[in-house]
Every structure is written in C-alpha cells, then in structure tokens.
Amino acid sequence: MSKTLYGGAVWDIFRRQDVPRLIEYLQKHHKEFCHINNLPVDSVIHPIHDQTLYLSERHKKQLKEEFDVEPWTFEQHLGEAVFIPAGCPHQVRNRQVQVSLNEFNFLL
Numbered sequence: 001m002s003k004t005l006y007g008g009a010v011w012d013i014f015r016r017q018d019v020p021r022l023i024e025y026l027q028k029h030h031k032e033f034c035h036i037n038n039l040p041v042d043s044v045i046h047p048i049h050d051q052t053l054y055l056s057e058r059h060k061k062q063l064k065e066e067f068d069v070e071p072w073t074f075e076q077h078l079g080e081a082v083f084i085p086a087g088c089p090h091q092v093r094n095r096q097v098q099v100s101l102n103e104f105n106f107l108l
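Reading the sequence shown from the start, the letters are residues 1 to 108 in the UniProt record's numbering.
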C-alpha cells in the first residue's frame with residue numbers, strides 16, 4: 001500500500017504598523033478584486049474586516065511598489081500551528097489536497 005498526501009496552507013501576515021497603508025491600498029484598488037464567483041466587489045465597508053478581498057501575487061507586488069508594504073509569506077504544513085500576533089492582518093489560502101492510495105488485494 002502506498003499513500004501520498006499533500007496539503008497545508010500559504011499565509012501572508014502583515015505588520016501591525018502597516019495597517020493604515022494596507023487599508024489605503026485596499027480602498028484605492030477594491031474594484032479590481034473579484035468574489036469567488038468572479039463578480040466584482042461593489043462596496044467595501046472595512047477592507048480588512050469585511051474579509052472579501054484576497055491579495056494575489058500581482059496585488060502584493062503592487063502594494064510593495066506603491067506603499068512599501070509587504071507581508072511575511074510562508075507555507076504551513078500538516079501538523080504545524082500558526083500564531084498570529086495581535087493586530088496583524090493576515091490572509092490564508094488552503095492548498096489543494098491531493099490523495100493517492102494504491103492497495104492491491106489478491107485472492108487465491
């Protein structure tokens with residue numbers, strides 16, 4: 001029997017002191033974001049607490065260029081815990097789980 005399991009998550013954690021610039025960026029660019037079903041994000045009450053915006057690699061690069069803000073990005077693997085410092089905005093993307101099981105049973 002062989003077993004292959006992949007999974008985990010990719011985290012982006014922003015510094016507490018970068019919150020005002022992160023909010024400014026998200027307010028400025030919120031119309032560029034889409035919901036899961038590709039519908040545009042029409043309105044934002046609070047760009048962080050609404051939890052409707054996810055920064056893609058393109059947006060993270062643009063955030064760095066425009067506001068000199070970049071997250072600490074890392075992968076979390078099975079069995080690992082992540083502690084987020086108080087006041088630090090964060091986003092997480094689950095990695096797709098791939099399972100491969102091979103089992104051979106022979107009856108004689």
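There may be inaccurate statements among the hints.
Straight line, CA to CA, 25 Å or less: simulated DMTMM-like cross-link-like pairs of lysine to aspartate or glutamate [what the hints assert, rightly or not]:
{"#": "1", "residue 1": "LYS60", "residue 2": "ASP18"}
{"#": "2", "residue 1": "LYS64", "residue 2": "GLU80"}
{"#": "3", "residue 1": "LYS31", "residue 2": "ASP12"}
{"#": "4", "residue 1": "LYS60", "residue 2": "GLU70"}
{"#": "5", "residue 1": "LYS64", "residue 2": "ASP12"}
{"#": "6", "residue 1": "LYS61", "residue 2": "ASP18"}
{"#": "7", "residue 1": "LYS28", "residue 2": "ASP68"}
{"#": "8", "residue 1": "LYS60", "residue 2": "GLU32"}
{"#": "9", "residue 1": "LYS28", "residue 2": "ASP50"}
Source of the hints: derived by calculation from the structure; they are not laboratory data.
Cross-check of the supplied hints:
| no. | hint | in the structure |
| --- | --- | --- |
| 1 | LYS60 with ASP18 | 13 Å, holds |
| 2 | LYS64 with GLU80 | 28 Å, violated |
| 3 | LYS31 with ASP12 | 21 Å, holds |
| 4 | LYS60 with GLU70 | 7 Å, holds |
| 5 | LYS64 with ASP12 | 13 Å, holds |
| 6 | LYS61 with ASP18 | 15 Å, holds |
| 7 | LYS28 with ASP68 | 15 Å, holds |
| 8 | LYS60 with GLU32 | 13 Å, holds |
| 9 | LYS28 with ASP50 | 15 Å, holds |
The structure is inconsistent with hint 2 alone, although it conforms to all the rest.
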